[in-house]
Every structure is written in C-alpha cells, then in structure tokens.
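Student: Residues per chain are reported as follows:
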Amino acid sequence: MSEQLIQNGSVVFHGEKAPVKKDLWVEDGVIRQIADKISAVEGAQVLDARGKILHPGLCDPHVHLREPGREDSETIQSGSEAAIAGGYTHILSMPNTDPPIDTGGMVTYVQSMAMNRSRIPVSVAGCLTKGRKGDKLAEVADMAAQGAIMMTDCNHALQDAYVLRRALEYTRHFDVVVGVYPDTPALSGEGVMHEGELSFRLGLQGIPAMAEEIAIERELRVAQAVSGRIHIQNVSTAGGVASIRRFKADGLKVTAETTPHHLLLNHESLKGYHTRFKMMPPLRTPEDQEALLEGLKDGTLDMIATGHAPHTDFEKNLDFSHAPFGVTGLESALPALYGQLVASGKLDWQTLMRAMCDAPRKLLKLEPISFVEGGKFEAVLFDPEGETLISRETTKSRSFNSPWLGETLKGKVEQVFLGSSKLI
Amino acid sequence: MNETTVLNSDEVEVVIKRLAGEIFQKAGDECIALVGIQTRGVTLADRLAVELNTLGASFEQGTLDISLYRDDLSNLAALPHIESSEIPFEVEGAHIVLCDDVLFTGRTIRAAMNVLLDYGRPACIELAVLADRGRRELPIAADYTGVKIETGKEDYLRVHFQETDQEDRVIHYTAEGS
Amino acid sequence: MSTQELLQTRKDLLTIGDLSREEILQILDTAKPFKDLFTRSVKKVPTLRGKTVLNLFYEPSTRTRTSFEIAAKRLSADVTNFAVSTSSVVKGESILDTIDTLQAMQVDYMIVRHSVSGVPEYIARHTHAAVVNAGDGHHAHPTQAMLDAFTFREVYPDMKGKRIVVAGDILHSRVARSVFEVMHILGVEVATFGPATLVPETIPSYVKILRSFDEVFEFDPHVLYLLRLQLERQKANFFPSMREYHKLYGVTTERFKILRERGTWIMHPGPVNRGVELVDDVMTYERTLINQQVENGIATRMAILYHLTPEEQKRLPLPEEIRA
Chain A
1 MSEQLIQNGS VVFHGEKAPV KKDLWVEDGV IRQIADKISA VEGAQVLDAR GKILHPGLCD
61 PHVHLREPGR EDSETIQSGS EAAIAGGYTH ILSMPNTDPP IDTGGMVTYV QSMAMNRSRI
121 PVSVAGCLTK GRKGDKLAEV ADMAAQGAIM MTDCNHALQD AYVLRRALEY TRHFDVVVGV
181 YPDTPALSGE GVMHEGELSF RLGLQGIPAM AEEIAIEREL RVAQAVSGRI HIQNVSTAGG
241 VASIRRFKAD GLKVTAETTP HHLLLNHESL KGYHTRFKMM PPLRTPEDQE ALLEGLKDGT
301 LDMIATGHAP HTDFEKNLDF SHAPFGVTGL ESALPALYGQ LVASGKLDWQ TLMRAMCDAP
361 RKLLKLEPIS FVEGGKFEAV LFDPEGETLI SRETTKSRSF NSPWLGETLK GKVEQVFLGS
421 SKLI
Chain B
1 MNETTVLNSD EVEVVIKRLA GEIFQKAGDE CIALVGIQTR GVTLADRLAV ELNTLGASFE
61 QGTLDISLYR DDLSNLAALP HIESSEIPFE VEGAHIVLCD DVLFTGRTIR AAMNVLLDYG
121 RPACIELAVL ADRGRRELPI AADYTGVKIE TGKEDYLRVH FQETDQEDRV IHYTAEGS
Chain C
1 MSTQELLQTR KDLLTIGDLS REEILQILDT AKPFKDLFTR SVKKVPTLRG KTVLNLFYEP
61 STRTRTSFEI AAKRLSADVT NFAVSTSSVV KGESILDTID TLQAMQVDYM IVRHSVSGVP
121 EYIARHTHAA VVNAGDGHHA HPTQAMLDAF TFREVYPDMK GKRIVVAGDI LHSRVARSVF
181 EVMHILGVEV ATFGPATLVP ETIPSYVKIL RSFDEVFEFD PHVLYLLRLQ LERQKANFFP
241 SMREYHKLYG VTTERFKILR ERGTWIMHPG PVNRGVELVD DVMTYERTLI NQQVENGIAT
301 RMAILYHLTP EEQKRLPLPE EIRA
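Chains A, B and C, in that order, are what the protein sequence lines are. Going by my numbering, 180 is the number at position 180 of the first sequence; the sequence numbering is gapless. Going by my numbering, 40 is the number at position 40 of the second sequence; the sequence numbering is gapless. Going by my numbering, 185 is the number at position 185 of the third sequence; the sequence numbering is gapless.
Next up, chain A with everything else stripped away, as it sits in the complex:
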C-alpha cells in the first residue's frame, strides 16, 4: 500500500463538532492531501468510504496482556490482535504479570517480546512497588530509563499513605506518572459487587462506593501536597468524579480514566449472577453512569480505558464469589460506546476522540494523531451501519469474558491503518 485514496469518508477532525466529508490521499503512510474531492490517479488504490467514519487510531492506556505467566488467558500476540480488531493502534500493557514487571530488565524483556509479536506498538507500565506488595518502592528510575512511562500496582490498591507519598515524591524527577487504582481494601473487604439494595437482595457482599471515593480523595490530597503526577484508573462512582473535578479546579495535574462498561452498564446486570459482569471496581448504579458520562463530557474524566482483563473459561465458570474480577474490552469498546452513546447523541465524536485517542496518547507521551497534510496516517475506518458480533468464534482475544458475549453491537471496525501498513 504505497499510495491510497480514501474517498467520501466522514472524517473526524480536531476542532470540528461533527465528522466532515473529505477525501484523503495517503502516500507511504503519510497524508499528502486532504480535499473535498480528489480524483484517482492510475495505480492508486481507491477506497470508497461513503457513509463510514474515519477516526484517528485508538489508544488504550490500560490493558492486561497476561504475558509472561498466564498465556492460557492472553498473550502479547492475541491481546494486540484483539486491540487491532477493536480499532486500537497503541496500547499500554499493565505490569501485573507473573512475574510482575518491576525491574528495568523486565521492562526491556516485555518490550522486546512485544516488538516481535505485536503489529502495533505496545508501551509497558512498571510496578510502583516491588512485587506489587505495596511496601517497598520498585526501581522506578531504572524502569523509566528502559521506557516505562507509568508506574502502577494495578488492582493492588496502595494501602499505606506513607508509601504513596514517597512514591509520588520520588517519581517527580523521572517524568513518569503514578497510576493508582482507587480502593480502600478495609472497606471493600470480601465484596464482589456494588453495595446497595441489589447486593442485599442477591445476598452478595457489597463494595461500597465510599471505598473508591475515600481512596480518590486521599490519593489526590497526597498528590497535591507533594506535587506528584498522578493518574486515577477505573473511576466508577459519582463521588469519585466530584472529587477529581474539585481537585482539577484547584489546579492539580491529575488525569483520570473510566471504562466502557462503567459508562454503559450498571449493577442490574448482576441479577442472574453472571460472572462476565463481575469486575473491579464493580458495576455501579444508573446515577453513577450518568455522573461518569457528565465527567467525561466536561473533561473531569480525561479518557476511556478498557482495563481489558482476560480470564479463562475455567476461571469465569467458578461460582460468582470465587470467579476472578475483570472483563475483556478491546474488541467491544468502540462499537459499544458508539451504539449506546454516540449514535443516540449523548456523546459527540470530538469527546470520544479526546477520550480514546488524544488524552491517552498524551498520557503515554506519544505524538498526537491528527488528520493533517503531512501527518502520519494512523486511523480506524468505522462503519456505523455495520454490526459487531461478540462471540467465541469472532473473538481474537484468547478469553471470552466480555460482558457483551453473545450480543451484536451496533457499528463495525472495518479497517485499521498504521502508517504504511494496513492492519485489517
């Protein structure tokens, strides 16, 4: 694909409220011309994108690739293929592998594996503390030197405020961000779902919203005190959104993410005890969903991350309390968000682009993607009239624990371009 002409597509440009119909001329992975009408020259490949959306390639700052250690549930190769199928051209791999990525050597190791096995670039996050145990700082500077740009203990929430403080102070000089999963383990305890009337009725131990809200408040307060650079993962509660909004207004440099599931689903889905809805933080209430959407629109929540967490059938077939938390998300994110929010007018393409491309790329210190002449062509072609069936047969991930398994979502990722290569 040295020369390609994409005609009649609806292109999502920065600063344009709605997609604009334009033709794009791409040569060797670089956009040469953007115009209302470009005629085909001989030898060029022509793609008629009438009725389709051309969007910058997506970026997911929260993906569990499970390699090394749990290659039965996902590998760098299968996980990155799932990402491509979902329209992603860059992902950040989480360090809770086995062994965990908590040294510079491990960072290099995973990066070199990713170079060979993934068709899209994979950034690597390192652990904040040794072995994710929460007590001793990992060698953050060493990992940063090898290219890790985020330090996080993933779902092992930092319990010790002292460690949090030192981590946020220490990392200031290495241009890395501390990712925290906001939870107060003493309050979430053995809980498996959102605490409320439904958890009482189902007889399942609840995880109160305050477990997250208190943690966010504490984390931000510490970050503010020591001028640390902090990123809040998996925000799920209205209270959490309110705290972040307040600290941002106060001038704190904080970024925050929420997930497609928390935006699109709520705890009512748990009525049948289906473990494919079991995740951490748990699905919350419809009111929380509203607040998350509001927070996403006003920029309190910078980005949408899938938190793609593959688990084998065996694990997810355990009973509700023993089954692990987590759902896959790479392949369903765009169609699910499009169908439920964009198509219905609750969310515009600009906000979606910010949340799924600009903000995560900025977090990962990547060049922004823009459709401008001379810019690198990194894009996803999305057909709003198409359909995406989430099924065992169609899934690229090794695991099938999608909350939408068996469902047909609106819209379809048709093609993905990364520079001069066409990924699908």
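Simulated from the structure, these hints should not be mistaken for lab results. Don't be surprised by glycine CBs; every beta carbon is placed ideally from N, CA and C. There may be inaccurate statements among the hints.
[As the list claims (entries may be wrong)] Calculated lysine to aspartate or glutamate pairs in the DMTMM-like style (CA-CA distance at most 20 Å, straight line):
#	chain 1	residue 1	chain 2	residue 2
1	C	LYS35	B	GLU86
2	A	LYS21	A	ASP348
3	A	LYS37	A	ASP48
4	C	LYS11	B	ASP72
5	A	LYS271	C	ASP18
6	C	LYS35	B	GLU90
7	C	LYS43	B	GLU86
8	C	LYS208	A	ASP48
9	A	LYS253	A	ASP348
10	C	LYS44	B	GLU90
11	C	LYS44	B	GLU11
12	C	LYS44	B	ASP72
13	C	LYS44	B	ASP165
[What the hints assert, rightly or not] Part of the chain C face toward chain B, derived, beta carbon under 10 Å:
#	residue
14	THR9
15	THR30
16	LYS32
17	VAL42
[As the list claims (entries may be wrong)] Non-contacting residues of chain C with respect to chain A, defined by C-beta distances greater than 12 Å in every case (computed):
#	residue
18	ASN81
19	ILE123
20	ASP136
21	ALA140
22	GLU201
23	SER212
24	LEU231
25	GLN234
26	GLU311
Chains B and C: place on chain A using the hints.
Tutor: Chains B and C only, in chain A's frame:
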C-alpha cells in the same frame, strides 16, 4: 361428539338405592367402611351412606385422594391438586367398600387399593361403582355395579351429581363417526 | 372420575421471588395432605418412585439435609448424598465439572446448599435436573421460608394483616431475606429488629425497622421470629459483646413474661443459642413453634418436590378423568 343419556336423574336415584341394598344384604350386621375416591367417588359414598342409614346398617366413612399413587404422575403435563385423604377408622381388619363413579381401566382402583394398604391390612376390599364402561387394563372387577355399558376407547363417560354438577345424570359421549 | 384443579409446575425453586402468590398457596395447600400422611402406619407414598434425588451440600448442614432426605424418601425417591468440600473448588474443580459429572448420572432432583450466593441458580442453568435451593450464601433459603409460612398458617389460617417481627442478624441471613419475601407476598406486615450494624438500610422498603424492644412491643407482632446469631460476628465488630446483644436484642426473662402474657408465638429456624437469642424458658413455652417448624419442614419439602418437574421428562396428555 354425540351425547347420550345413560341414566337420568330418577334412574340415578334408583340405581344408588339398589346398590345400597346389595351392599347391606351382603354385609348383614357386620360394620363396613365406605371409602370414596376424590371427588365424585366421595359423592357416591355420601349418597350410599344416606340409603344405608335408612336401611339401618352400621358403617363408617372415609375419603381417599389417589393422586400421589398414580402410575402416570411423572409423565403428566400438569400436576393434579392433592386433596386430603381422611381415614378416621382402623383399616386393620376392616371390611372396606371402595366407591367410585366410573370404572374404566382399573388403574385408579389399583392406586386406591395401594393407598388403603399403606394404612393397614383390611379384612377385605370390595368395589362399588355407579357405571362400568368396560375396557379394563388391569384384572379388576366391581362387586356392585350400577350400570354396565359398552364404550369406545375415545369415548367419554361422565357422571354428574347434584352436589358438583347441579344435576344427577350419567352421560355417554361418543366420538363422531364411531 | 373427578374434576381436579391442576397445579402449575416449574423446574427449579431458587428463591421465593420466583413464585407467585398463587403458586405459594398451592404449595402450602399441598403440604397439608403430606403432613396427614405422617399419622399413617406407612408414611411413604410412591409418587417419586424410580426418581433420584441428590443432596449436593457444599456446606455442612445435618438438619436441612436430613429433612430433605426424609421428605424424598417418603416420596419413595432414591436419595444420594454428595458432600463436596469447598476446597475442591480452589483445587481446580469448578462447580460446572461437578454438575457435568452428576448430569451423566441421570439425577432427577438436586438439592443444593452452598456458602456462596447464586450457586444454585448457576447450577440450575446447567442441568436438566430440578434444582431446589437449600440455602445459598446470604441470598435465599426458600424451603425454610415456605415451611415457616406453613407453620404461621397453621396458627393463623388467614395471614393477611397479621404481624411478624424478624429479629437478629439480617445482614448475613438468607432466612431473613426469604422470610421477608414470603410473608410480604402472603399479606403479613413485616418488621425487623436488631443491631444497626446487622440491619442494613438496603433491606426491602416494605420492612419496617424497629430500634428497640419497646418498639417491638408497640408493633405487637403475632409472631416473633428469632434468627440464629453466628457467634463469629462479634469478632468483626458488628456488636461489642454477647452480653450486650442479649441485653438489647434477646428475649430475656422479663421480656418473655410480656410475650407470654400477650400470647405471642415464637419461631426460630434453629439451632438455638440459649442465652443469646432467647432464655431457656422459651423452649418449653406452649406457643414456641420451633419443633413444629421442624416437622412441617418435611411436609413442605415433600410438597415442593412434588411441585417441581425436571426438564426433558416426557409429558403425556392429561388422562380423561383429570381433564374432566
């Protein structure tokens, strides 16, 4: 379906009187126990009781629900409602007259005998029916029969009693064309 | 032969909420003739002859298991007990593996007890057998609630407008959840009483929360239903001491006097912690229904087994005498 009245109201009365007479004649001074099978067998037993009282017979009465002993229970599309069985006398050594409205395959009577035997060991069990429509599937016969008629397998034979159906009548429904 | 009302049937009994009021009444009505059987010399009926009932208990409970065992045996079913330690789950055998094994053994009814909520529902989805929830986690204990309703109804045939107080550890009680539901559906006014740590505000809105024994007396229940207190709750700081619990929430000698004067009936799912939920005298009180609950448990469970139909059982059209 074609409908034929086998016994009208007056005839039902006559037949029940006759059955009571036969039962009394055979029992003599011995105390018998009339046991009706839910629901119309119970009505028949009640009617017989009235007549036996007039005749000065000594007897006891009980009711049976045989649903739990049906041999086709697990195959039914819906479950029969279970009525109480009331056997207020000692079954051990009793002379029992089972009462039912219609005798057909014999399977209900088989079930009723099994229920009774689970209460104890009676001296004997006899059977009184208002109508015998033949077509037995088990080796069972009535000791006292009100009326005997030939029926087709797909026919219906219905007994109506004042108490449950606002009239006394035995009706034979024949399938069209048979 | 007879005009008989027909009963609805269903595959599983997982929670009271699945049942309609009519269905609950049908089961309670059916339990009565089953209870009558207990006075006969042969207490057995051939109803489930040739069927296999499996007690699948992941959590030990001799009482409930025995009650189901007797109920199934009185229906002439073959009963097998299958005790599974929860530790095998961790060792890599999922519940689904177990169910596949049992499915191959052609079990018709599975009685499931598990310490995790939702397991019976999960099993029911994966088997043709009829599944009875014999208690799951904190979620539901529908057969207990049904036998309690049966016992209540023996005392008050018209339950509508009667009052019940369910007292104790509501938070961790599957019995409380199911009793709330069944009593509410049958028109009983429901209130609850216990330490605020154990009576969450997330309970159904139709349940009135009482804060002291004075309020209990003011509510004046026809039945006071005491739950068993798990003694380990004290360690998790739900209340400071057993002594304080008994003093505030137990039936003390003084309170028992008042209850006896009023003729309040006492129920308890057993086993009782004497000196915690109630003082010893209550056990010999003529209006204590604890033993009746046990007896009624068998009849009610027989009625429930009768009411359920495993999938894949071939169905014949109703014979003439039933349809009439």
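Student: Hints numbered earlier in the text: which of these fail when held up against the supplied structure?
Tutor: 8, 9, 11, 13, 19, 20, 21 and 22
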